[in-house]
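> Just so you know, the protein sequences line up as chains S and B, in that order. According to this note's numbering, the first sequence is numbered sequentially starting from 1. According to this note's numbering, the second sequence is numbered sequentially starting from 1001.
Hints are supplied without guarantee of correctness; some may be wrong.
In silico contact screen, one side only, chain B against chain S (beta carbon under 10 Å); selected entries [as the list claims (entries may be wrong)]:
hint	residue
1	Leu-1441
2	His-1453
3	Ala-1503
4	Ser-1538
5	Arg-1539
6	Pro-1543
7	Gly-1549
8	Ser-1555
9	Ser-1694
Derived DMTMM-like pairs (lysine to aspartate or glutamate); straight-line CA-CA distance at most 20 Å [unchecked claim]:
hint	chain 1	residue 1	chain 2	residue 2
10	B	Lys-1061	S	Glu-529
11	S	Lys-61	B	Glu-1529
12	B	Lys-1088	B	Glu-1114
13	S	Lys-508	S	Glu-480
14	S	Lys-583	S	Glu-480
15	S	Lys-254	S	Glu-220
Pairwise CB distance ranges, derived in the manner of DEER restraints [unchecked claim]:
hint	chain 1	residue 1	chain 2	residue 2	range
16	S	Arg-539	B	Asp-1488	57 to 65 Å
17	B	Glu-1494	S	Leu-540	55 to 63 Å
18	B	Thr-1377	S	Gly-446	53 to 61 Å
19	B	Arg-1537	S	Glu-352	34 to 42 Å
20	B	Arg-1537	S	Asp-16	39 to 47 Å
21	S	Pro-514	B	Ala-1355	19 to 27 Å
Since the hints were derived computationally from the structure, they do not count as laboratory data. None of the values given here were measured: they were computed from a predicted structure. By construction, the Cβ of each residue, glycine as well, lies at the ideal position given by its N, Cα and C atoms.
There are 2 protein chains.
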Amino acid sequence: MIHLNRKISDVGFSKDNIDHLGNKYLIGNGYMGIRGTAEEYTAELHPAINLSGVYDRAPGKWRESVNAPNGLYCLLHADGERLALPEKEPRFHEQSLDLAAGLHGRRTLWRVGETGVTVESERFASMADPHAILQRYVVSVDREAELTLDSGIDSEVWDINGGHFSSVSLTEREGILSAECRTIEQGIVVTVLVGEKAPVVGETVKEGGKLLKRYRFRAEPLVSYVFEKTVTVCTSRDEDAVGLPTMLDYEEAKRRHTACWDRIWYRSEVQIEGDDEAELALNYSIYHLNCIAPRSGGVRSIPARGLSGQVYKGAIFWDTEMFMFDYFLFTDPDVAKRLLRYRITTLPGAMEKAAEYGWRGAFYAWESQEGGLDACTDYNITDVFTGRPVRTYFRDKQVHVSAAMVYALVRYLEVTGDRSVLREGGNRMLLECARFYHSLLVRYVGRDFYEIHDVVGPDEYHERVNNNAYTNRMARFTLEQAACLLRDDPICTEEERLGFLEAAKRLKVPQPDPETGLIEQFDGYFRLEDASVETLRSRLIDPREYWGGADGVASHTQVNKQADVAAMLGMFPEDYPTDVMEKNWLYYEPRTEHGSSLSACMFALLACYIGRPDYAYPLFMKSAQQDYLPGSKLWLGLIFIGGTHPAAAGGAWMVASRGFAGLSIRNGCPAASKPQLPEGWARLRFRILCRGKSYLVTATAEKTLIEEEQT
Amino acid sequence: MIHLNRKISDVGFSKDNIDHLGNKYLIGNGYMGIRGTAEEYTAELHPAINLSGVYDRAPGKWRESVNAPNGLYCLLHADGERLALPEKEPRFHEQSLDLAAGLHGRRTLWRVGETGVTVESERFASMADPHAILQRYVVSVDREAELTLDSGIDSEVWDINGGHFSSVSLTEREGILSAECRTIEQGIVVTVLVGEKAPVVGETVKEGGKLLKRYRFRAEPLVSYVFEKTVTVCTSRDEDAVGLPTMLDYEEAKRRHTACWDRIWYRSEVQIEGDDEAELALNYSIYHLNCIAPRSGGVRSIPARGLSGQVYKGAIFWDTEMFMFDYFLFTDPDVAKRLLRYRITTLPGAMEKAAEYGWRGAFYAWESQEGGLDACTDYNITDVFTGRPVRTYFRDKQVHVSAAMVYALVRYLEVTGDRSVLREGGNRMLLECARFYHSLLVRYVGRDFYEIHDVVGPDEYHERVNNNAYTNRMARFTLEQAACLLRDDPICTEEERLGFLEAAKRLKVPQPDPETGLIEQFDGYFRLEDASVETLRSRLIDPREYWGGADGVASHTQVNKQADVAAMLGMFPEDYPTDVMEKNWLYYEPRTEHGSSLSACMFALLACYIGRPDYAYPLFMKSAQQDYLPGSKLWLGLIFIGGTHPAAAGGAWMVASRGFAGLSIRNGCPAASKPQLPEGWARLRFRILCRGKSYLVTATAEKTLIEEEQT
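One chain only, chain S, in its complex shape:
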């Protein structure tokens, strides 16, 4: 394979794009994510060094992930004039990202009187040194000018529900700037150190929440003034944070960083011959997944908005297991195992949640933070008309979440063959999830089957429904897998195991109507008003109003937020013949708003299963370009929800592998059905790992070839 060498960039500057580009140009190394913002941005423009797995609750607010003080901060003055976006309009501005190496670039030219001042910067979150961010900031002028560069730490971070620091201590010791902040709730110390190599001597200045080196100098034309920073970020929770170097050699660090990315890309690059746009979009998605994957340190997973900020509280959703997991499973099973370990470790939290609602077993969090604590509140939306909180049922009724853990676990076992995860707590997780569903089952006195009532399925626009097809199918899967995998495991008695089996057999899973082939999403769904997405849009009074809830414009219609029956069929393609899948695709897709990034990829996958890559392609591209193109929803009701969409990225990879290439696992070996390549795709090629072996998968119009390679 030819190694990827791609750079993306946006030329020009517009204030309206700041949030979008902050997401699009994210860099990260799994320990932290750094938003693609300019060095001079302060909190109101949403810069962030978002820490994975570090949470805090400010008094009266909700818990969310913590942003570290911004050690990348730089602000330039030339001849007394402040050169800062967005106030000072640039003559030229470019922001870029080298996907191959995770390098963020920026070049801005301002004019100050007759003088042209250029700033060029590069930064990366080191893949080799998870606590280190390196930044090179280069200034040059075309005429002599008096320059002042403030470079250091801005401790006034962007918070959605902050502030999170009860104390901030800004000090300098032996030339190293340091911000030591203590979180409110748990007193976690977040430390940011900045060591800088500068061509001139600076003085240390404290201004408000900023601790800076101030470099004043007369710049000569055609000289590049290079300032190199090592930003070290660590917390008192990190076991590996002792004795970190505070100053790294930029080039040397970059070499080691790039070598890591080379190894990652070797396993994960996807080639699409004949469609450069799709190839870029998919690899761009993969880039994001690689930036946020937990590869070192403590127990971590991947939040729904990646490491792009505090949106959705920095919490981990079922997105990780159902949409992102597959990608890691096939390209870096060690990451997949880490993701499972997060859920195994947080089992006590899930059991506590189940008990809180009177259920047995494990009810995994809708918004999982450390320890499995569900950060979701009962009032997760604000009504745009009254400003009042609206009772939502994400937390208490999305019971399908637990089954996602089991789905991922079973995939892991299938693809890796590594059963150690069962012994290391996977069996307990599986058992408690099965117990959870078992305790949910109800039976009417006059009926001989079980039902699951009062749930919210993946499609969140319909609350408190009975017998949601996806939920019940996933529950059945969980019960079956527990009965199968826990055979002879002493943690489960034979009686209980047989109880699971009986329950799985008797559990109602909505079946295709014999006439129409349609599967009803939940009891009564087909009786709802059959309005179109456009009709609903025309009914909106306020563009920001929530479509779901008790009385949203979609709530009492057949319009869905996202794939639900389609998700079920996508995850269990062998349940029904193709014509059933097709009929349901044709019915549900036009009735879906795709208001969630979890939607398009599921419909795309299902479209492949029904042999319609032409249906799949635009939905695949929508997923793969979710963060690449502007236009993602920024608001849900009155709540800011902007950020990256790693589930869409992972979903795009699933579509490419399971869908277009037809990849599946049969009896522990990779296998492929007929490929379903979109028009114009000459060849789709990627590597996978399966049971310790590496394979090169090559799909062409006729056939998908799976060749074992030497690892």
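Since the structure of chain S is provided, determine the placement of chain B on it from the hints.
Frame of chain S; chain B shown alone:
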């Protein structure tokens, strides 16, 4: 007993009182109700001759009862000036009601220039001739004046969701004015005939929707010009409407009418020595019940707003069986049997409704119209902020309604001993109600008891709750009664009967907490925010907003609209010792808005059971004076709900009889526990019928005496 001779009146005129007085001064005879409005009022001021049991649906609107053309219409001009309230301010105005004889009176003095013009009128809905309304309209002047009196029929009726007539034919034949109107939906012909005896000759005039006799004459001072009208109202549905006299002698008709009222009052008057205000209030309530009781003609019951208009669609609610039934049972069991017959006859509608939701048996309508059709829609409230319909669950989740029929049936059997009602379909009704509840029961796989999920109890502010105490208790009662009363009845197999018994035994009914004695209203109620009614009021943004629904100010708090646990305890006072009832009264009463007229009387009754007539008294008075005093809710969201409150009236009678007098039925005989007379009440006295015998009940501070009388 001394026969009641009471007249109430309001002196003075205010436009703001028109709706209230329209209710307060209602007259009626069970066939129709006539609002207490002035003769000259047209539709916008809400006059109405509201027909019992006649319904229509205007296209795109909801079904509601039909108002007949207003045959009482009169408009006077004096010296060219229009004398009509509210435009022409009167010098004196009095509206009155003779409760003893159901006579509506009105006296208005206007000044026109120097001339005083007085109108005095009297009218009654004949108790002897159910199709007849008689009106006497008397004009006099204190100086000579030119008068024009228009008197006839106004066919432009007040409708909430009309118009209901596809055709209106206004004709005169042999001096009789006639309006023949055809309803839209079913083509029911509503006919109003007006025969008039006048002191002068009139000419017939048609003006818009009015057909009038126009009397022009020069009036002499100190002469009374008397116009007497017989208004005959009938519909093509009436079997007794053939050959009705079109002109009755006023005095003769009044004598016969008064004689009927005398008989009614003989059985129903309540004496309260020592509290004239309470005595008036209670007898006033009884007056209303007597005005609207079905005593003749087809299958009818009593709507929730009596016959005061189209509010709540003219539909019959569970109010009738649980709140009004007792009064009729003890004073006129024939009416009680008619009420039961309405439910027996509408059983097919209730069974259809059950089937619609997938249940077995009979699910009685929340808003029952003819045939048991449930007029309630799924969207029964309009959001004040968006103007959008709100999904409510009155229709589909208030499953307790069916049990009300059984409760009334069992009361009927107990008090009358008349088992014919069982043979005449009561047994089938009972069986189907039991089947309904049986089919609702669910059992969790891991539990050995039954539950009822996803209901709305009497307290409508909390929707879709599980194991509502009142609902489950009523369901158990239904199952038990079916098992008991259907023993040896061939309509029910022994197997099914034993199934009911087993279900009744295993059905969870929330029990008093051993520590606190409190019964939880439904699963999770005690975990809701414990806010006060006042706090909720302070949270209102719009005074008209609905407190309930998915996200009303009360929905997620412990504040109730109305008695729920208290209603259960009030209806089953022998379930628990007094201290449990007391603890629950003390807990729930302050948490109740009493936003329904069904509330105060239940708490008053329970207060008597706990020996606290001082708690009961203000709540009793609130019920008894609900329509007597102004201030009743006129709006629910954006929906007009003004009208009379016969359930409060019936509830007040229950408080007086069961509560203050301590009356109960033991082994088929009236019995009494210690009376609980409010302070100042020297004696409470009323008659009851029980198993064909008449009793005089006399409660004094020490004891309640029950004496059999000759009937």
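> Would you list, in rising numerical order, the hints stated earlier that this structure does not obey?
Those not satisfied are hints 4, 6, 9, 14, 15 and 18.
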